[in-house]
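Asks: As a plain string of letters, each chain reads:
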Amino acid sequence: MRHLIEPEDLDLEEIKQLVNVGIDMFENPKDYAKVCEGKILASLFFEPSTRTKFSFDSAMYRLGGNVIGFSDAETTSAKKGESLADTIRVMGYYADIVVMRHPKEGAPKLASQYSSVPIINGGDGGHQHPTQTLTDLITIQKYKGRIDGHNVAFCGDLKYGRTVHSLIRTLARFGSKKFYLVSPEELQLPDSLKRQLIERYGVELVEVHFIEEVIEEIDILYMTRIQKERFFNEADYLKLKDSFKLTRDKLKPAKPDMIVMHPLPRVNEIGYDVDEDPRAIYFEQSQLGVYIRMALISKLLEVGPYARG
Amino acid sequence: MLEVKGIENGIVLDHISAGNGLKIFNELFSETECPVVLLMNVKSKVLGRKDIIKIEDTFDVNMDLLGLIDKNITVNIIKDGVLIEKKFASVPATIKGGIKCQNPRCISHTDDYAVPTFTLVKANGKLEYECSYCEEISIYRF
Chain A
56 MRHLIEPEDL DLEEIKQLVN VGIDMFENPK DYAKVCEGKI LASLFFEPST RTKFSFDSAM
116 YRLGGNVIGF SDAETTSAKK GESLADTIRV MGYYADIVVM RHPKEGAPKL ASQYSSVPII
176 NGGDGGHQHP TQTLTDLITI QKYKGRIDGH NVAFCGDLKY GRTVHSLIRT LARFGSKKFY
236 LVSPEELQLP DSLKRQLIER YGVELVEVHF IEEVIEEIDI LYMTRIQKER FFNEADYLKL
296 KDSFKLTRDK LKPAKPDMIV MHPLPRVNEI GYDVDEDPRA IYFEQSQLGV YIRMALISKL
356 LEVGPYARG
Chain B
-14 MLEVKGIENG IVLDHISAGN GLKIFNELFS ETECPVVLLM NVKSKVLGRK DIIKIEDTFD
46 VNMDLLGLID KNITVNIIKD GVLIEKKFAS VPATIKGGIK CQNPRCISHT DDYAVPTFTL
106 VKANGKLEYE CSYCEEISIY RF
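In order, the protein sequences belong to chains A and B.
Add 55 to a position in the first sequence, counting from 1, and you land on the number used in this note's numbering.
Going by this note's numbering, 107 is the number at position 122 of the second sequence; the sequence numbering is gapless.
Same shape as in the complex, but just chain A (with noise of 0.2 Å):
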């Protein structure tokens, strides 16, 4: 049995495998309609969620399969004070994979350590989110074509944002050897994650204060939310706030098949008006992470395209 906690638990290998299924089961949803048919997904979300919550419910739903959960924490046995552990082993009973999220760093894996169905991280706190990782790269396949050997640029928060640390190891794990880092100092990429970066996978880091430095370079530009209450103070948030903002003009010098994602939910990092422009694919993105989700729970729960014999 396997559990999906982090994406390391995934060789390169795997995650090819998952991207190309996940591809292909966008492109033939038909196909793969009943792969989960009996098959029980519960969805244990202890704190909320939009799209993480209902793409997994809408994948497992895709594959013929049905969903059980909560995802207010208030209403279950956890409120009165129950083990994380007690939870897990009593979901056996009812489901046969579980997807959690939890504010908690490390909940899944306690969850994993008990638990007698795969166990799929959908974030905790603010630690890590494999399936965001996955959507990340399935996306970058579909529209670049291979998930190596871009110049990737991110821009924003890149000291909290969980999704930007999962992507950047994954890619240096794919042999990624530049990234092009755009943020303000206070929010720059943390100093273990930077020398990590550098001694294991000899990647080079540009550190740049503007967009429109690296904008003519890149391939992929991956924006996150910067959030209010990490500055210090509202006058430092308001005087940057639009220097890591993307707009219609800043995106003019950019190549033609450059790529913008987001993780979203985008507040006001991101024009309005980029939407239209075809270089923004954050909402394509959303929508592959419902494949790139069936494919892991095939692969998870061994159907489909991942049954065995």
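These are calculated hints, taken from the structure and not from any lab test.
All of these numbers come straight from a predicted model, not from anything done at the bench.
There could be a bad hint or two in this list.
[Claimed, not checked] Listed next, the stretches of chain B that the computed footprint assigns to chain A, with coverage defined by at least 3 CB atoms under 8 Å from CB atoms of chain A:
#1 90 to 104
#2 119 to 125
[As the list claims (entries may be wrong)] Straight-line C-alpha distance at most 30 Å; calculated DSBU-like pairs for lysine-lysine:
#3 B:107 x A:233
#4 B:111 x A:214
#5 B:111 x A:249
#6 B:81 x A:249
#7 A:283 x A:197
#8 A:232 x B:107
#9 B:28 x B:85
#10 B:30 x A:249
#11 A:214 x A:296
#12 A:214 x B:107
#13 A:249 x B:85
#14 A:89 x A:232
#15 A:300 x A:214
#16 A:214 x B:85
#17 B:28 x B:111
[Claimed, not checked] Partner residues aside, some chain A positions facing chain B, computed with beta carbon under 10 Å:
#18 180
#19 181
#20 247
Idealized CB from N, CA, C, for every residue including glycine.
For this one, chain A is given, so just place chain B on it according to the hints.
Replies: Quick look at chain B alone, frame taken from chain A:
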């Protein structure tokens, strides 16, 4: 000179750097019901001054936690008044229990089932350990 008699059955923690004795007592033995003697600032050829702890009627000591506080400690196991074994503390490569993750968002603070294993990632000057649950690095300084 202050004299403390030897023990018949128990353990003697020797070569504790002066000042660390009280830390070790507080971390490891503050709740024991066994007789304990803490000697501080004892003359030592090697260390100049050292602390010693003697505990009677127990042979149980967390060597990992000892190594974390002071890697020079020697633990002498005494049975029937005879030294039967010497153990040497060292900086542990992994440690489970006894210390807490310093990341307040870690599941180990709210769920009793979550007892993390800490893995040493760096030991130049300060000891940096990675939590098996949240993967945050905690620095331990006693």
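Asks: Hints numbered earlier in the text: which of these fail when held up against the supplied structure?
Replies: Of the numbered hints given earlier, those the structure breaks are 7, 9, 10, 14, listed in rising order.
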